[in-house]
Amino acid sequence: MIINRFFPQFMHNDTGGKLLLSLLAMMVVIVVVFNMMIPESSPLHISTYMVTLIGKYLCLALLAIALDLVWGYCGILSLGHAAFFALGGYAMGMYLMRQIGDRGVYGNPDLPDFMVFLNWQELPWYWYGFDNFGFAMLMVLIIPGILAYVFGWLAFRSRVTGVYLSIMTQALTYALMLAFFRNEMGFGGNNGLTDFKDILGFSLQSDATRIVIFTLSAIALAAGYIASRYIVESKLGRTVIAIRDAEHRTRFIGYKVEDYKLWVFVFSALLAGIAGALYVPQVGIINPGEFSPLNSIELAIWVAIGGRGTLFGAVVGALLVNYAKTYFTGVLPEFWLFALGTLFIVSTLYLPKGLVGIFQNRKKEGHPTNNPDNVKSEGAA
Amino acid sequence: MTNRINPQTNYLQLIAFIILFFFSCNLFANEISPEENKLLNDAVSNLLVKSFKNKTQAVKELAAIDSPQTIVILEALLKTRLYYVRSNKNVVIINKKEQQYEIKSAVDNTALGVVKKKAIKKITTNNKLRKTIRTILAQKKILNPDLTVREAAIKEILKKAEPALLPTLQDARNKETVGSQQELLDLSIALIQVDNANTETRLAAIKVLGASLYPVSKGKLQQLTATDGKGKTIEKNQDVVDAAQAALKKINGKLKFFGNVETLFFGLSLGSVLLLSAIGLAITFGVMGVINMAHGEMMMLGAYTTYLIQQVMPNSIGLSLIVAIPAAFMVSGLFGIAIERGVIRHLYGRPLETLLATFGISLLLQQMVRTLISAQNVAVVTPSWLSGSLVINPAFAITYNRIYIFFFALIVFALLLAILKKTTLGLQVRAVAQNRGMATAMGIKTQWVDSLTFALGSGVAGVAGVALSQLTNVGPNLGQAYIIDSFMVVVFGGVENIWGTLVAAITLGVANKFLEPWAGAVMAKIIVLIFLILFIQKRPNGLFPQKGRSSGGH
Chain A
532 MIINRFFPQF
542 MHNDTGGKLL
552 LSLLAMMVVI
562 VVVFNMMIPE
572 SSPLHISTYM
582 VTLIGKYLCL
592 ALLAIALDLV
602 WGYCGILSLG
612 HAAFFALGGY
622 AMGMYLMRQI
632 GDRGVYGNPD
642 LPDFMVFLNW
652 QELPWYWYGF
662 DNFGFAMLMV
672 LIIPGILAYV
682 FGWLAFRSRV
692 TGVYLSIMTQ
702 ALTYALMLAF
712 FRNEMGFGGN
722 NGLTDFKDIL
732 GFSLQSDATR
742 IVIFTLSAIA
752 LAAGYIASRY
762 IVESKLGRTV
772 IAIRDAEHRT
782 RFIGYKVEDY
792 KLWVFVFSAL
802 LAGIAGALYV
812 PQVGIINPGE
822 FSPLNSIELA
832 IWVAIGGRGT
842 LFGAVVGALL
852 VNYAKTYFTG
862 VLPEFWLFAL
872 GTLFIVSTLY
882 LPKGLVGIFQ
892 NRKKEGHPTN
902 NPDNVKSEGA
912 A
Chain B
271 MTNRINPQTN
281 YLQLIAFIIL
291 FFFSCNLFAN
301 EISPEENKLL
311 NDAVSNLLVK
321 SFKNKTQAVK
331 ELAAIDSPQT
341 IVILEALLKT
351 RLYYVRSNKN
361 VVIINKKEQQ
371 YEIKSAVDNT
381 ALGVVKKKAI
391 KKITTNNKLR
401 KTIRTILAQK
411 KILNPDLTVR
421 EAAIKEILKK
431 AEPALLPTLQ
441 DARNKETVGS
451 QQELLDLSIA
461 LIQVDNANTE
471 TRLAAIKVLG
481 ASLYPVSKGK
491 LQQLTATDGK
501 GKTIEKNQDV
511 VDAAQAALKK
521 INGKLKFFGN
531 VETLFFGLSL
541 GSVLLLSAIG
551 LAITFGVMGV
561 INMAHGEMMM
571 LGAYTTYLIQ
581 QVMPNSIGLS
591 LIVAIPAAFM
601 VSGLFGIAIE
611 RGVIRHLYGR
621 PLETLLATFG
631 ISLLLQQMVR
641 TLISAQNVAV
651 VTPSWLSGSL
661 VINPAFAITY
671 NRIYIFFFAL
681 IVFALLLAIL
691 KKTTLGLQVR
701 AVAQNRGMAT
711 AMGIKTQWVD
721 SLTFALGSGV
731 AGVAGVALSQ
741 LTNVGPNLGQ
751 AYIIDSFMVV
761 VFGGVENIWG
771 TLVAAITLGV
781 ANKFLEPWAG
791 AVMAKIIVLI
801 FLILFIQKRP
811 NGLFPQKGRS
821 SGGH
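If you're matching them up, the sequences are chains A and B in order.
Each residue of the first sequence is one higher than the last, beginning at 532 in my numbering.
Each residue of the second sequence is one higher than the last, beginning at 271 in my numbering.
Since the hints were made in silico from the structure, they are not lab data.
Be aware that one or more of the hints could be misleading.
If you want a taste of the chain A side facing chain B, the calculated C-beta under 7 Å gives, among others [unchecked claim]:
#, residue
1, V691
2, V694
3, A702
4, A710
5, K766
6, F869
7, I876
8, L880
9, Y881
10, L882
Note that the Cβ used here is the ideal one computed from N, Cα and C, for glycine as well.
Based on the sequences and whatever the hints tell you, model everything.
Put into structure tokens, the structure is as follows:
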């Protein structure tokens with residue numbers, strides 16, 4: 532197929548991925564053109580609000596890919612993935628906070644508003660360096676990465692698996708949420724970080740900046756997808772799938788199961804951190820609510836509904852559920868939790884392979900290894 | 271989070287109101303005889319003089335009249351609520367309402383309607399007069415036949431013990447027959463005598479202060495041992511300083527001890543709450559291996575059942591709680607059966623899916639309560655036999671509801687243990703948990719056992735909800751606050767071992783409360799969570815792992 536020329540070799544069999552990336556590219560072009568070229572009076576105009584909204588969805592889709600990588604391919608259901616997302620977001624938020632400078636309500640050039648409010652005299656040490664964009668971006672990767680490494684190293688080495696691991700990750704994000712709610716932590720407590728002004732000198736309110744961040748989100752999603760696909764198609768990916776399907780057997784064959792799991796877990800946390808960092812400038816706020824266990828569980832349901840172990844299914848699930856959430860919370864706020872609850876039940880009972888699975892079933896079985904139903908292994912059961 | 275109603279405070283307010291009501295009835299209900307009326311009238315009109323000297327005389331005359339009404343008049347005078355009507359010189363007690371003044375006769379309390387400010391004039395007092403009035407009031411109250419009045423009076427005196435009261439207090443001490451009141455009188459006498467000139471009297475007083483746990487005695491002793499800027503004690507008498515320091519040390523030692531006892535009790539109380547919330551989970555998760563994220567909502571349903579039963583029988587709140595226990599068990603148990611039959615049955619062997627599906631159920635149940643009842647918290651009333659506290663000494667008092675819930679948790683635990691160990695159902699449950707295939711082969715209806723086990727776990731959660739309704743706010747989010755803690759307790763204690771759950775719950779509760787004083791409430795919780803996360807890495811099977819073959823099968 533001629534279209535394969537545009538994609539790397541490891542994606543030639545990935546019809547869903549090719550379709551997804553093509554649609555993503557088309558959407559970016561359409562959104563940018565319709566936002567910038569078409570006058571606001573025209574019904575075809577895409578408002579900047581809409582651009583930001585889609586940008587948000589794209590970040591969440593990247594987060595969903597991160598979870599699908601560990602859950603769908605490695606059998607680790609992390610119920611604390613939103614923690615990595617939020618940590619990346621906080622790193623970005625700290626940079627944006629420092630960019631405010633003396634334009635805050637209190638006009639203090641050295642301290643963010645909330646610290647002035649709490650009568651702090653000087654910047655805590657862990658805020659040093661966040662006025663530098665490069666340093667902040669490094670932290671977006673390093674902080675979630677280190678947390679994932681430490682947690683994963685401990686958990687995988689002691690062979691905590693399955694439900695236990697899920698509960699542990701949930702406790703982790705819960706503990707972080709409680710910690711970030713404390714004013715003494717120096718991250719703005721309850722209110723979090725907000726009131727951002729600009730990024731690298733460009734105003735966050737301007738249409739152009741928003742379009743750029745939107746495009747960056749799309750690029751990050753595409754890059755995240757390609758990288759994840761590369762990993763799962765590589766030799767490492769094959770081993771990871773083997774671990775998912777038969778952990779003990781893989782260990783007995785001689786693979787260091789812990790190392791593989793840890794590697795994938797950390798990579799996934801990095802993706803989540805990047806997603807969080809791109810999310811924050813678009814929504815304009817980051818607060819401890821992002822750590823709430825509910826967020827992480829909801830994330831799992833996006834992946835489950837889209838279809839685990841497919842990567843593009845995660846993207847589809849994230850986009851659909853979040854669009855539905857925006858729609859229903861606007862129209863029928865009461866209905867949303869009913870709908871979400873029902874989604875959880877229906878998708879686990881009747882859609883074990885997700886929405887993508889419905890379409891895949893119609894085709895011939897192309898990729899047995901991508902079948903998430905094999906999770907029934909001795910490790911997870 | 272806003273609009274939180276605390277049923278307990280409301281109830282306490284109600285009780286306070288009732289006490290006040292009876293108290294005031296006592297004062298006012300006394301028929302005022304004509305002679306008394308005449309005496310009062312004369313004394314009161316003497317208050318209208320200008321000079322404070324004469325006014326003091328009038329107050330003393332008034333105080334000499336043997337009538338409860340004098341207390342009312344003097345208190346009104348002290349609070350500048352005693353006025354006279356300009357037109358007829360009648361002395362009245364006013365009650366300011368917005369811009370208007372309700373007046374009633376100072377002599378016999380008859381309401382005289384509402385007047386403008388211009389029509390009345392205040393009867394003024396000065397500092398000296400007020401001091402006299404306070405002393406007179408204290409004297410009158412401290413000898414009052416009503417114990418509640420005496421108690422309130424002595425507590426008022428303890429706040430500021432005036433040396434002038436010493437003879438009155440000693441007199442009262444000699445007449446007093448109630449033990450607790452005697453103690454308070456001794457304390458107040460000692461507080462005054464400690465400033466006496468005679469060293470011996472002072473040392474004796476310090477001894478009394480040292481034996482008391484009331485904050486005032488500690489304050490007084492601190493004052494005696496206080497140093498000036500140069501490290502020298504302000505008090506010149508070295509014997510007194512030494513004795514005060516020794517007494518202070520004794521008090522601090524006792525306070526520390528009772529502080530620890532109180533922390534331990536709070537820890538046990540938190541532990542019993544954790545035990546109640548985790549014990550149902552210990553059955554569904556521990557015995558059946560089912561992750562029920564809707565467990566917290568089963569507790570919420572139990573709490574709401576309590577609320578609904580109180581709505582149905584508002585006149586017998588005390589009984590409603592007893593009725594609520596089996597009712598909550600039934601409601602949550604039936605929901606449990608429905609969940610097991612409808613959802614979980616189809617997901618055995620797929621624990622992660624069970625987790626997600628039951629989480630969906632928890633969202634549905636929360637929203638159901640929001641839609642059907644209210645998104646706000648509801649007020650569950652605490653029955654009288656659960657409110658109030660057991661005062662052991664001034665430094666240590668425990669509330670009855672916490673004591674009851676502690677024992678309630680232990681009873682529930684014992685019952686559950688008995689069901690699992692002594693009944694046929696328990697035997698079958700354990701058989702299915704250990705080896706499903708073999709149990710089926712022996713003729714046990716495993717599906718039926720599954721349903722009943724799940725119903726049992728859910729029902730116990732409902733009973734926990736009844737207890738929780740007496741401790742926290744009842745709202746749609748009640749369950750979410752406990753679910754992570756409950757899982758932590760079960761995992762910490764060791765799955766498949768409900769003794770482990772007991773030990774884990776109590777340990778975590780006590781640890782949490784002992785961490786709180788130096789780490790803060792939230793930080794203590796975070797520390798405990800992090801400890802648990804690390805602990806599970808070290809011992810994945812918890813404190814008391816199941817021995818034998820089945821332990822590896824998870």
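Tested hints:
1. Annotation: V691(A) was flagged as interfacial toward chain B, and the flag holds, the nearest CB pair being 5 Å apart, inside 7 Å.
2. For the restraint placing V694(A) at the interface with chain B, the shortest Cβ-Cβ distance is roughly 5 Å, inside the 7 Å limit, so the hint holds.
3. At about 5 Å, the closest approach between the beta carbon of A702(A) and any beta carbon in chain B falls short of 7 Å, and the interface hint on this residue holds.
4. The criterion of a C-beta within 7 Å of any C-beta in chain B is met by A710(A), whose closest approach is roughly 5 Å, and the hint holds.
5. Interface restraint check for K766(A): the shortest CB-CB distance to chain B comes to about 27 Å, outside 7 Å, so the restraint is violated.
6. Residue-level restraint check for F869(A) holds (minimum Cβ-Cβ distance to chain B is 5 Å; threshold 7 Å).
7. Hint on I876(A) holds. Least Cβ distance to chain B is approximately 4 Å, under the 7 Å limit.
8. Taken as an interface hint, L880(A) checks out: its beta carbon lies about 6 Å from the nearest beta carbon of chain B, inside 7 Å.
9. The criterion of a C-beta within 7 Å of any C-beta in chain B is not met by Y881(A), whose closest approach is roughly 9 Å, and the hint is violated.
10. Interface hint status for L882(A): violated, as the beta-carbon distance to the closest one in chain B is roughly 11 Å, over 7 Å.
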